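Asks: The task is simple: from the sequences and hints, build the whole structure.
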Amino acid sequence: MDIAIIGIGLFAFGRHDGVSAIEMGVAAARSALKDAGLEWKDMDLACAGSLEVLQPDTMNKHLGLTGIPFTTLYNGCATGGNLMLTTANALAAGVGDVGIAIGLDKHPRGAFSVGDTLESIGLGQWYGETGLALNPQFFAMKTQRYMHDHGISHETLHRTAVKAFKNGSLTETAWRRKAIDYDEIANAPMVCDPLRKFHFCNPSEGAAAVVMCRAEVAKRYTTHPIYLRADVFKTQTYGSFETLSPATPVRDAPGPVVRASQAAYETAGIGPEDVDVAQVQDTEVGHEIMHMAENGFCKDGEQEAWIADGATEIGGRLPINTDGGLLANGEPIGASGIRQVYEVCLQLRGDAGAHQVPNSPKVGYTQVYGFPGVSCVTVLST
Amino acid sequence: MPAAQTRKPVAEGLFTWPSDDPQLLGSKCPDCAEVTFPSQTGCPACSASRCEQVGLSRSGTLWTWTVQNFPPPHPYLGDAREFVPFGVGYIELAEGVRVESRLTENDADKLAIGMQMNLVIEAFGTDADRNELVTFAFAPAETS
Ligand SMILES: [Zn+2]
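Those protein sequences? They're chains A and B, same order as listed. For the first sequence, position 183 matches number 183 in the working numbering, and the numbering has no gaps at all. Numbers given in the working numbering equal positions in the second sequence, counted from 1, plus 1000.
Read the hints as simulated data drawn from the structure, not as lab findings. Keep in mind that this is a model prediction, so the values were computed, not measured. Don't take each hint at face value.
Stated by the list, open to error - In silico DMTMM-like pairs for lysine to aspartate or glutamate, Cα to Cα no more than 25 Å straight-line:
| no. | chain 1 | residue 1 | chain 2 | residue 2 |
| --- | --- | --- | --- | --- |
| 1 | B | Lys1110 | A | Asp193 |
| 2 | B | Lys1110 | A | Glu155 |
| 3 | A | Lys197 | B | Asp1109 |
| 4 | B | Lys1110 | A | Asp149 |
| 5 | B | Lys1028 | A | Asp149 |
| 6 | A | Lys166 | A | Asp2 |
Replies: Laid out in structure tokens, this is it:
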């Protein structure tokens, strides 16, 4: 891929009463444009995505009615990665030189509801009426089986949460900025066995944006572009175990994360051993742990030793979720994937401050996962 | 005493009921033989479009499980105010499919991967017309 990121912007995730999702998206876009030293009228195209905002392209009323193609899309938790991919593809196809991808969302408090009708997400209404249509159940059951098969301990779940909130405490823009000690996490109320209260992220509000251009023109705009070496979007194949599935086949197949990851390494021409800093989808601690293996960073079961050794801490062998991830930032679904890219760009520029990974990381990695079995992976480098 | 309620299945076509030997209703692909639940005509494995409804095994093994400890949000029709946690699991059936189900057991200490489970039909909630709704669940084989 010959695409560069030349500007990044974040409207910090959290709770923002009285601020609309559109306002947050506009603020994130302005912040990314300012970072790039550009203005909205310099954009040749835009892409935006959100669960709660049906038409995020209406941000153009606030940013400026410049007549550009403004694509909207929604692919669950993979929205952010796909917004960047769609922007990159349009730039590569010659639609323009410079574009912007903007993710935004503002969810009600509490667990995500599946909406009024499950038919709108391809499921029978009975599935929700009987109390089965809940993502936390899937996260818990995939984790439960993985712990059984690969010898992952409850202690490793707790340590993963301790790291997330510690990293959140170091990150100015994080929502959860208080470190939480091990005992409080280990003794928190059970939500869905084996996962407890502090093991889960919460829905939140926020926005993130990146300004992108074709790599050959990047130096016109900045002295420190971050190159998008790969951005891969995959959906499930028959046999993988995915959230909100009334049934799943015994026949096993690699999930969308594994397939997106392998394709991303191939496109970027690197391997997992070359990654210096990674953000992975940690909807809860179980998925951070499983995603370590699905993204190829370690083998199944090796997470136990990695996490005991602090390998995924900011000073460790492969720092993961350095801004506290979803656990410390919450998940505004449309924006979450771009927040990961924002954090990796800060790290690769050396601008992450108190949560900066040491020794000048050169290669970064992001991965999102969600319903209905979708994943996006990006590889970024200086 | 309130008047006796009418019992209704939560949805038609999910399971045979009333029946002495209720069965879940899945579908089988005539081309690749993969089985899915609930039944549908399209095959997710090979894209064939003429899958046929089949009754599924009434027992299987617990492949994974959890306990739902908080009241599910809308559109849950069970009692969310006087909420009683319930088990949830995937039961592996001989047809080569793992079916997600409520479990009659909600005590984590009594659930284990690999245990034998049997299908039961249980009341779980009430609809807007005050009908008592029944759905499928799996019970540990020892106690059912
Ligand atoms: Zn088939």
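Asks: Each hint should be assessed against the structure and marked as holding or not.
Replies: A quick look at each hint next to the structure:
1. At roughly 13 Å between alpha-carbon atoms, Lys1110(B) and Asp193(A) fall within 25 Å of each other, so this suggested pair holds.
2. The suggested pairing of Lys1110(B) with Glu155(A) holds, with an alpha-carbon distance near 22 Å, which does not exceed 25 Å.
3. Among the hinted pairs, Lys197(A) with Asp1109(B) is consistent with the structure: their alpha-carbon atoms are about 19 Å apart, no more than 25 Å.
4. Proximity of Lys1110(B) to Asp149(A) is assessed by CA-CA distance (about 19 Å); at most 25 Å being required, the pair is judged to hold.
5. Using a Cα cut-off of 25 Å, the hinted pair Lys1028(B) and Asp149(A) is violated, with the two alpha carbons roughly 29 Å apart.
6. Taken as a hint, the Lys166(A) and Asp2(A) pair is broken in the structure, with Cα atoms around 36 Å apart against an allowance of 25 Å.
Hint compliance for this structure: hints 5, 6 are broken, all remaining hints hold.
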